[in-house]
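Using the sequences and the hints given, assemble the complete structure.
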Amino acid sequence: MAPFPGSGLAKGLAVTLRTMMRKSVTEQYPDAQPELPPRTRGVIGLFEENCTVCMLCARECPDWCIYIDSHKETVPPAAPGGRERSRNVLDRFAIDFSLCMYCGICIEVCPFDALFWSPEFEYAETDIRELTHERDKLREWMWTVLAPPALDAGAEEPKEIAAARKTAEKLAAAQAEPEEGES
Amino acid sequence: MSLAAAQHGFLSPAGVEIAFLLVGLATFGAALVTVTTRQLVHAALWLVVALGGLAVEYLLLTAEFIAWVQVLIYVGSVVVLLLFGLMLTKAPIGRSPDADSGNRWAALAVAVAAAGALVWVVVDAFRTTWIDLKGPAAGSTRVTGESLFQNWVLPFEALSVLLLAALVGAIVLSRKAKADEAFGTSATADTPVALPGEKEGAR
Amino acid sequence: MNDALDVALRLLVVFVVFLTFPLIVGQTEHKVMAHMQGRLGPMYAGGFHGWAQLIADGVKFAQKEDVVPAGADRRVFQLAPAVALLPYLLVLLAIPIGPSEGAVGQVLDAGIFFVLAVMGVGVLGSLMAGWASANKFSLLGGLRTAAQLLAYELPMLLAAASVAMAAGTVSLPGILHAFHWWWLPWQIVGAIVFFVAGLAELQRPPFDMPVADSEIIFGAYTEYTGLRFALFLLAEYAGIIVLCGLTTVLFLGGWHGPWGADGLGWLWTLLKTALLAFVVIWLRVTYPRLREDQLQKLSWTLLVPLSLAQIALTGIVKVVIS
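Protein chains in written order, with the UniProt record's numbering: chain A, 1 to 183; chain B, 1 to 203; chain C, 1 to 322.
Keep in mind that the hints are not guaranteed to be accurate.
As the list claims (entries may be wrong) - To spell it out: a stretch of chain C is covered by chain A in this simulated footprint if at least three of its residues, at any positions, have a beta carbon under 8 angstroms from a beta carbon of chain A; those stretches are:
#	segment
1	28-40
2	280-292
Claimed, not checked - Think about it this way: if two alpha-carbon atoms lie no more than 30 angstroms apart in a straight line, the pair counts; the simulated DSS-like pairs of lysine-lysine are:
#	chain 1	residue 1	chain 2	residue 2
3	A	11	C	297
4	B	176	C	297
5	A	23	A	11
6	C	136	C	60
7	A	137	A	72
8	C	297	C	136
Said to hold, decoys possible - Interface residues of chain A toward chain C, partial, derived using beta-carbon atoms under 7 angstroms:
#	residue
9	13
10	19
11	24
12	25
13	26
Keep in mind that the hints were calculated from the coordinates and are not lab data. Don't be surprised by glycine CBs; every beta carbon is placed ideally from N, CA and C.
See below:
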């Protein structure tokens, strides 16, 4: 119940006046770039060296907007007398951003960490066909990818670091054992 | 006043007199169009012109107060009310086929008679009285108020009572019609008890 | 010759005020409204904080095609913006800003009546526009405009009448000459009634039911484009100036102030007018639009009784002190 008639009206006026006194939240975008958090879904960058042309991303893409062409190459055996290895070589990796719905499934499914979110977002085109970006462009965007945010204090270790640490510990233990045996 | 009249002749009119005459002609023309046009809303708008012309005439007669009251009441309120009513009837754009009346000759006769009577009264009352434009305004608010509330207070009050009676009458009539209608619908709708709040919903 | 020059100069000054002040109010509205909503508002036009935004808007309006709908009543449709705008120009003539003879466009004997009468005529423009557009939204807007005018004209008049009673004159400079500071608390109810009714007559939010854009597009102005539309907008902002100026003159003592009454009186008038214009914008940002029935209810059940009570109070005090 209002303490006196019109107190609600006064409260409304106070709210707007207080908002006016505060700093406005508008970002002056073209003059000032927005500060976007890492992993902002701006654009997808490709780190080619990690790609094995496994086609998982293209298959999982709900929009079928990833185009991958490749051919096989035989690699001479690593050691003399060994078997020749065949290797997939990437010919084309393109993402049609007019189809992409930024679900990020391709990035999730990539088993070799070849795809990354980049906060870059200024790639509008005047023609829809020019929104299909090829590997060189995707590679350029790779360099705009931000480092992932720091983990929370007390969080579990990232898997790859944990695995690396375990191997390192094992190795250290293996090196330490013979030393013990010697002494 | 007779002295002043002697200085004025009908054959050598002053600028104000010419303006008065021209505005009068324009007002008369607008009034004629108001009653003859077949377009309803145009008639109301021409009425604005006619009433505005009258206000200008009052101004030229130095009756400033009356002029502004004329604009305030007639142009600002009465015509707006008129337009409001016309809009409620969906007055069409263009000619209304039925914007004519069989009584037009009788109406003309009444109008001519009324105009004749008014002109005769005015001519008889003022004859060759001229307003002295150079002296203090004869129609200022103070002068109008003093004459209204000293010399003419009884007619003024009688008019007030008349208007009040008309107002009350209008309210009574509209309330009565509404009550009848509400009663009729509640009877046909076969609702034994119609609470005031339910009446709105029933209709 | 000197007289003619004097008149011409006064007309010119009033005309310039008429053209610039609404733009200033409009720009202030842009910025104040933006900041009250946590935004910045226009920032680019003209360079410094978008000061030239409304000039840019004007240029844009002038470039647009002037469309008259096929089914519209051509002449009434084209005449309506002028009918809506001109009255405010005339009203500005009569508002005194300073105590001296030269600080008012034209001294009128029945100033209050002139001002209120002519302001009422402005609404006729909206009605003409609403009817002549041959558009049901416009017609609805026109109807609402008329209903609103009829409802709010009465309390506005009564509130103004209260001041006229207090001052014993209906001339605007006369009222100001009779003003004392204690009129402020004495006439405060009348002032609020006058201001609110004036807002409603201008169809400013929260009383903008006649142009409620979410229901009837833009009411009577739906079919207008280009310059004619701009004229309607200009009329609205000129109306704000006029309303704030009138409230200042009638209720806030115009050029009277705590200090600097002579010489700087016009500054007081402008300051108070500007403050009221800010309040107009503030109210617009703060309150949601009143529904049509709430609108009528507010006028007939609150403002009219309040203004009548104010008149009674004025009469009693007047009799007691005389």
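Going through the hints against the structure:
{"no.": "1", "hint": "28-40", "verdict": "holds (count 8)"}
{"no.": "2", "hint": "280-292", "verdict": "holds (count 5)"}
{"no.": "3", "hint": "A:11 with C:297", "verdict": "holds (23 angstroms)"}
{"no.": "4", "hint": "B:176 with C:297", "verdict": "holds (22 angstroms)"}
{"no.": "5", "hint": "A:23 with A:11", "verdict": "holds (20 angstroms)"}
{"no.": "6", "hint": "C:136 with C:60", "verdict": "holds (27 angstroms)"}
{"no.": "7", "hint": "A:137 with A:72", "verdict": "holds (24 angstroms)"}
{"no.": "8", "hint": "C:297 with C:136", "verdict": "holds (25 angstroms)"}
{"no.": "9", "hint": "13", "verdict": "holds (5 angstroms)"}
{"no.": "10", "hint": "19", "verdict": "holds (5 angstroms)"}
{"no.": "11", "hint": "24", "verdict": "holds (5 angstroms)"}
{"no.": "12", "hint": "25", "verdict": "holds (5 angstroms)"}
{"no.": "13", "hint": "26", "verdict": "holds (4 angstroms)"}
Checked against the numbered hints given earlier, this structure breaks none of them.
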